[in-house]
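Input sequences plus hints: build the corresponding full structure.
Letter by letter, the chains look like this.
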Amino acid sequence: MALEDYSQFIYRCSKCGACRFSKKKGEHGPYNSTCPSGVRFGFESYWPSGKNDIARGLLEGTLEWSGRLIHRVYSCTTCGACDQICREATGKRTFPVIMELRRELVRRNIGPVPVLKQARKNIEKFHNPQKMEHEKRLDWLPEDVNSKGKIIFYAGCTASYMRQEIARSVVKVLKSADIEFGVLEDEWCCGYPDFYAGYEDSLKETARHNVEVLEKAGAEKVLFACPGCYDVFKNHYPEFLDRELPFETAHTTEYFNELIKGGVLKPAKEIEKRVTYHDPCKLGRMNGVYDDPREIMRNIPGLDLVEMERDREFSWCCGGGGNIPLIYPDFARWTAGNRLEEAESTEVDMLVSACPGCKNSLKDAGGNMEVVDLTELLARSI
Amino acid sequence: MAEKEMILDKIIEIVGDEHVSGDAEDLIAYQKACPIIPAVSGGLVPDYVVMPGCVEEVQKLVFLANEYMIPIYPYGYGTWFFAIYKPGIVLDLRRLNKIIKIDEVSMTAIIEAGVSQGELIREARKIGLDAPPNLGPGTGSLVSNFASHGGGSFHVGKDDYIAVEAVLPSGKIIRTGSWGSPVYADTIPYIRYAFGPDITGLLRASGGGFGIVTKAIYRLHPLREAEEHCEYAFRDVLSAVEFGIELDNMGITHYKFGASRKELLHWICDPPELMFDHAEYESLLSQLPEWVDIIGFSGTRAQVDMYKNMAAEKAIKGGGEKFELSNKRMNENLNDLAMGCSLVVNRMFTYPAHFLAGMMSISKMEGFHQEVMDMIKEYDVRDPFFPDKLLDPPQCIVGIPFVSNDNHFYEHDIEFDPTDPESLTKFKIFYEAATERLVPKYGLVPIMMNPVIINMLDPPYADLLRDIKMMLDPNGIAAPGKFL
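For the record, the sequence lines run as chains A and B. By the count of numbering that gives the first Met the number 0, the first sequence reaches residue 381 at its end, each step adding exactly one. By the count of numbering that gives the first Met the number 0, the second sequence reaches residue 483 at its end, each step adding exactly one.
A hint or two may mislead.
Derived, one-sided and incomplete: chain B residues facing chain A with beta-carbon distance under 10 Å [said to hold, decoys possible]: (1) 17; (2) 22; (3) 23; (4) 24; (5) 48; (6) 50; (7) 54; (8) 74; (9) 94; (10) 115; (11) 117; (12) 268; (13) 273; (14) 277; (15) 278; (16) 281.
Derived pair list, reagent style DSSO-like, types lysine-lysine, alpha-carbon separation capped at 30 Å [what the hints assert, rightly or not]: (17) 265/A to 130/A; (18) 125/B to 260/A; (19) 265/A to 149/A; (20) 203/A to 265/A; (21) 125/B to 272/A; (22) 174/A to 120/A.
If you're looking for bench data, these hints aren't it; they were derived computationally from the structure. We treat Cβ as the ideally placed atom computed from N, Cα and C, and that holds for glycine.
And the structure:
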């Protein structure tokens, strides 16, 4: 694709502002801000509609492709809120334009920012963006877990190296339900950082390897604790590989809810907590998984779920998307802080999410609120 | 170039470097809001975009603009017909985003220029108040809506802006109405017609030409016990509008507006992409009546029930039928639209161009319609989505009366393809010819002033506007070209 292929979105953008606010259908308001980049940096060029102006200028030659575009284009958290609302309100899209701007910047050797170039090198060499030793990727894993199976848990980089408690919780829950599963011996980064940096070529190699090892492991269903990995596998690998995935994919919340509904998994221990739930962007908006996490929480005895004002498709990003913590860590913390404030306003004991990246971002922002992954909570209840 | 940089330095001294940009990548986004509307002329790239954080900073920027004779254009959320006509400073007012006070007793809110309608609703509802229904997008700035005579301002039956604060082109800061005197400002700031002429009204629709409006006192109302809407289908526009007049005379509606079936469909179509599918579009269109009146009621439960019955009786007497949709998602969109502060109303800006919008006498509408249809054939303006067929007008909205008389808000849209230069040129030629031919003949009073309309005014009236402008803005720095 090229930028001109998105002309219908670029030229039909009327700056109606739907992309800037969330509003639930059928309600007389209220409107809430949705775009972290726009709210934080202010100028039109940081809002989705402004990106269309930039794209228009680039297409018409009134604006040059230059390094000055970088901050405007890469400060998007890729949360997709604008896209969700624009599509619903007007039938158009915003996100493909932003992604195409990134890809074109890479094609022209202007982008991405140096830290993402380094992340790519790290992925090539260490198979994770954090430059951790590949050999230590499975350090979190209990010894009695197979490397093969019809069900494979793909842990992802963040849960493998930084949020191992989430990976361990997944294993605990699976074991408690007597599910036979495996964890890959040679799992590589899914390619998320490269994808959102705008690289196209490197993802092909990553996808090829990961799918190949999963096939060899006999995977019929692959589970993901990380919505970012899940999204890249489910929605982008087929395009890069030019074929359908030879296995099913599911986020752990989808699978665990299925187990609970089937009576295979029974959360029994009471957790007397008032909690609120943060919808991860890549799980909710990108893959439509809103109900499963909530249903799991409703099945945990004692748990009292209170929704934030911006929930489900209107959820405010945690700041962890689109490589923002790597590129603009202060902005990532500001975005997460905004979400923490909203969570605190619900007067809960705990903020629950279903994404290792979200947990990272929300914890990095400081504050006193306990932040946990839903899988941890579920593991505690078993 | 050196002067440009020197001025940039001076702006940085006022607002800090984080809040000003002279980069092409930022400036291009202020070239034109609503870029798909070719009826808006202008559209130059500004030299600077500045986001002031308080009225004092706005004042200093206006002083600077006078010192260096630089045009200065206020900008709210960009949801209306913003364009600049001479390069200069764009004042993006969104950092002025505070709801300063909501007064429960007087039921008013003091809001800054960067507060959107939707945000005010959110806060007002927390204390049992609500903002008046408004067909303009909730994503727009209420203050800018006032200053530019934007979408919401002509859809409501009363003027909800009581007083404003503005930085005059001289740099003086004024407050209007009873807010304009320290004696009353803390006790009773919400009397619009307080001391002599209506200065609030002078600033309305001035597009920044008479001053930069930085705050407003906006009227709220209590959250009602019941708020409901219903829809009636009519065979033609006249029956639909006559029904509206009857309702007005009874004084029972919270709001009301009518839409042609094409207008209605592009608001409620779901998924909206269906609008690009010729067969689906035609099929859906054929299921809709020619005209639909959308009416909102509010009050106590008993009042709303009574009002609904009264409306039903009038509608049926006037040839109307209750209109109901079976499609769940389209019904949700209709509900969204009817509840006001709608998101789907944003589609209004998305597909069609605004052709002619303004106040019009109901008696002139039929003739106007007919002539527009003739001109469409004459100028071969084609529907861009389905190029094999001529556009089938009228596609228009008839809003509720601005005041309770024969004048109705009227809007007629013509679609065109913004990505196709030929379609765009054809539309512009058609638009100019239609304006010249039809506005004098049918007396459509446009919702925004522009230089073309100024030339149609009685000379003494136009002179008075120019004299006021000259008195307030001798250096011509305040939004030049917007209408003067």
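Results of checking the hints against the structure:
| no. | hint | in the structure |
| --- | --- | --- |
| 1 | 17 | holds (8 Å) |
| 2 | 22 | holds (6 Å) |
| 3 | 23 | holds (6 Å) |
| 4 | 24 | holds (5 Å) |
| 5 | 48 | holds (6 Å) |
| 6 | 50 | holds (5 Å) |
| 7 | 54 | violated (18 Å) |
| 8 | 74 | holds (8 Å) |
| 9 | 94 | holds (7 Å) |
| 10 | 115 | holds (6 Å) |
| 11 | 117 | holds (2 Å) |
| 12 | 268 | holds (8 Å) |
| 13 | 273 | holds (8 Å) |
| 14 | 277 | violated (15 Å) |
| 15 | 278 | violated (17 Å) |
| 16 | 281 | violated (17 Å) |
| 17 | 265/A to 130/A | violated (38 Å) |
| 18 | 125/B to 260/A | violated (38 Å) |
| 19 | 265/A to 149/A | holds (22 Å) |
| 20 | 203/A to 265/A | violated (40 Å) |
| 21 | 125/B to 272/A | holds (26 Å) |
| 22 | 174/A to 120/A | violated (36 Å) |
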